[in-house]
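Each chain, written out:
Protein chains: 2
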Amino acid sequence: MSSNTSGMVDLEGGVTAAKGYSAAGIHAGIKKSSKDLAIVVSNPPAAVAGVFTTNRVQGATVKLCRERLRGGKASAIVINSGCANACTGARGIADAGRMAAVTASALKTAESTVFVCSTGTIGIFLPMDVIEKGIAKAAGLVSAQGGDDASEAIMTTDTGPKRAAVEFTAGGVKSRLGGMAKGAGMIEPKMATMLSFITTDAAVDGASLQNALARVVNRTFNRISVDGDQSCNDTVLLLANGAAAGAVLGEKHPDWPVFEAALENVAMRLAHKIVIDGEGATKFVTVQIRGAASDSDAEKAARAIANSLLVKTSWFGQDPNWGRVIDAAGYSGAIFDPDRVDISYDELAAVRGGMAAPGMTKGALAEVLKRKRFTVDVNLNAGAAETRLFTCDCSHEYVSINSEYTT
Amino acid sequence: MSSNTSGMVDLEGGVTAAKGYSAAGIHAGIKKSSKDLAIVVSNPPAAVAGVFTTNRVQGATVKLCRERLRGGKASAIVINSGCANACTGARGIADAGRMAAVTASALKTAESTVFVCSTGTIGIFLPMDVIEKGIAKAAGLVSAQGGDDASEAIMTTDTGPKRAAVEFTAGGVKSRLGGMAKGAGMIEPKMATMLSFITTDAAVDGASLQNALARVVNRTFNRISVDGDQSCNDTVLLLANGAAAGAVLGEKHPDWPVFEAALENVAMRLAHKIVIDGEGATKFVTVQIRGAASDSDAEKAARAIANSLLVKTSWFGQDPNWGRVIDAAGYSGAIFDPDRVDISYDELAAVRGGMAAPGMTKGALAEVLKRKRFTVDVNLNAGAAETRLFTCDCSHEYVSINSEYTT
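In the order they appear, the protein sequences are chains A and B. Residue numbers are given in numbering that gives the first Met the number 0: position 77 of the first sequence equals residue 76, and the series is strictly consecutive. Residue numbers are given in numbering that gives the first Met the number 0: position 139 of the second sequence equals residue 138, and the series is strictly consecutive.
As the list makes no split between identical chains, a pair holds if one copy fits it or if it spans any two.
Straight-line alpha carbon distances no greater than 27 Å define the calculated DSS-like cross-link-like pairs of lysine-lysine that follow:
1. Lys361 with Lys31
2. Lys62 with Lys299
3. Lys18 with Lys251
4. Lys72 with Lys251
5. Lys361 with Lys371
6. Lys132 with Lys107
7. Lys62 with Lys30
8. Lys136 with Lys31
9. Lys107 with Lys72
10. Lys371 with Lys299
Simulated from the structure, these hints should not be mistaken for laboratory data. Source: prediction; values computed, not measured.
Given the sequences, and given the hints that come with them, work out the whole structure.
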């Protein structure tokens with residue numbers, strides 16, 4: 000537990016950190032041996048917000064979630080890993096609906112308030128017999144202690160579960176907000192993210208909840224990149240069930256900034272955990288662009304650098320190869336004068352005025368690259384816009400994982 | 000030697016295949032042991048055309064070549080590998096000028112007709128003492144047999160030299176056109192390409208020469224991608240010295256199509272050689288998009304697929320992972336209905352109507368992926384536009400090369 004500036008307290012928990020949530024995560028048999036099916040329950044049913052992939056190819060469950068979001072209420076989420084139920088046509092849609100129906104029946108709740116998410120291989124059908132039995136089993140196991148199991152059951156190539164939670168005071172009561180995420184590969188959420196589920200016992204009106212989620216996702220999950228590939232199943236769901244019995248929060252409530260800060264806290268910690276656990280990643284790198292002529296230019300330069308294979312492999316090699324960084328900025332489409340560019344690695348100047356910084360040695364810079372975390376700061380000196388992206392290196396392990404694993 | 004449909008004959012030679020060209024390639028000492036300095040001479044001086052990188056960051060030699068191109072004549076090209084002379088400021092510009100001056104002096108030709116190209120590490124200065132001595136030595140060795148040595152001297156991480164030549168009849172005489180290229184990494188020439196030098200003894204007017212080069216580069220070098228990184232030194236120079244003593248060719252001459260076909264023949268062979276020798280590449284893959292709603296959509300889908308790390312690593316793993324292919328098309332920005340997409344690997348249907356093709360097994364598809372060369376054909380069924388890109392897989396070797404080598 001640690002306390003931060005706004006009086007919030009970071010917690011270790013996940014989706015069951017807040018009151019009124021229970022969960023379970025089990026091995027149903029979709030994958031060979033590890034957990035592959037999770038259920039998260041909110042009692043009472045929660046206000047729900049969602050942000051989804053902008054990929055034109057969308058999994059069946061994304062279509063179902065988008066539709067159910069209109070109802071505004073969630074009593075449960077059922078999630079499987081091992082099969083994405085994407086590119087599965089009408090049968091995929093029917094299977095997603097069936098997952099919701101079976102879950103609703105087992106939990107004795109309204110089917111229209113059950114959300115469904117799938118992650119794993121694209122283009123194969125769900126093994127529905129295994130899934131239906133798994134749902135029945137998991138529904139019998141949900142508990143307020145089940146958040147950890149649930150966070151394990153949604154993993155694919157993740158090397159570990161990703162959870163974060165926070166406690167804050169708003170609407171006259173102490174509330175909690177916690178979440179879990181899965182990441183690893185196919186990560187460049189442009190308008191959405193990988194699977195993430197966040198729950199809070201604060202009471203929040205639906206419109207404010209959706210607005211807050213959209214804003215926070217843009218500042219957190221949308222600022223990370225592992226490999227530049229955007230999944231067709233990216234989904235973030237945020238549930239607020241009011242079980243803390245506080246006043247209903249909305250964007251005009253004086254405590255609103257506290258709530259949104261709590262949401263950003265958890266979303267950012269989960270986003271960072273996705274990068275740290277990026278497939279084969281050995282480095283957590285912050286790409287910071289300053290002095291861009293426009294927000295769009297800052298974004299272009301940051302994405303080009305963060306997604307450059309040459310840049311990412313040089314980080315893996317612990318090589319302060321700033322030539323590849325400035326080269327990527329150069330083809331990004333951002334407008335700037337190469338002769339005015341400054342680049343630093345953490346506290347060390349590598350480039351000044353588009354050339355090697357006077358007096359700086361490759362050996363000194365290489366010391367920074369040996370760190371587990373460092374920042375590459377690129378000042379284009381072309382304006383006042385800036386941005387940051389969180390990314391990782393590209394290692395042998397990434398190639399191994401993705402040449403051997405079928406998405 | 001092989002004869003093709005238009006009566007052209009493919010030859011094995013390179014930049015000295017055509018009359019009036021001589022060359023040399025030597026070890027000057029920029030690199031530890033391999034050849035690193037080449038000179039190509041045209042006698043008589045040739046009409047010259049050039050296409051350059053569109054990267055905002057441009058090497059000193061690119062700036063010099065752009066300027067000299069206005070003069071329209073080339074008597075020699077001096078090229079070094081091992082140092083890109085990029086991000087080197089005013090000193091870099093002066094060094095490039097000095098390379099041209101020393102070459103002109105050694106060859107007793109006009110400095111304004113000497114072109115300079117550099118490739119290698121970004122951000123370091125040229126070792127001018129070593130280079131000046133190397134130029135003097137190479138100038139004394141130029142010969143009509145020197146094309147092979149020159150093609151070796153321009154390599155960086157290339158595993159072998161890339162040459163191609165052709166013989167054709169135009170303007171009443173037999174002419175030849177030959178070239179060399181270097182490639183390997185930092186390859187996604189968007190409006191230009193890596194270093195390539197093409198020479199012909201045909202006589203061609205300057206404007207037609209430039210137009211032909213621009214068109215042909217768009218159909219050849221601009222259709223390849225190794226890693227999506229665009230170099231800041233990309234250059235193609237085309238010299239036509241008229242030494243075959245034929246009529247002057249221009250876009251309105253009846254033999255013009257023969258000349259442009261000869262140029263495309265050599266440029267395409269060189270471009271394919273760059274892909275085959277892509278850093279760590281084990282597969283040559285043609286990404287073919289059909290049925291796109293627009294040329295721009297076809298291009299977006301092809302680039303997204305060819306540059307997807309997940310797609311490229313699955314090719315390395317010989318895994319017919321079409322889910323990653325359709326996913327990349329989905330986030331490319333191209334507009335299409337995912338439920339109408341068809342995907343084939345060579346002669347085998349993998350996807351029909353956005354789902355796994357009926358009756359097709361993963362095992363059967365995997366047999367195609369074992370081939371050294373295959374085509375991934377994606378029909379978006381959204382219109383009539385189509386395009387092709389030539390690319391390679393991403394292997395452990397790519398990561399090794401680029402985490403250990405400083406560009």
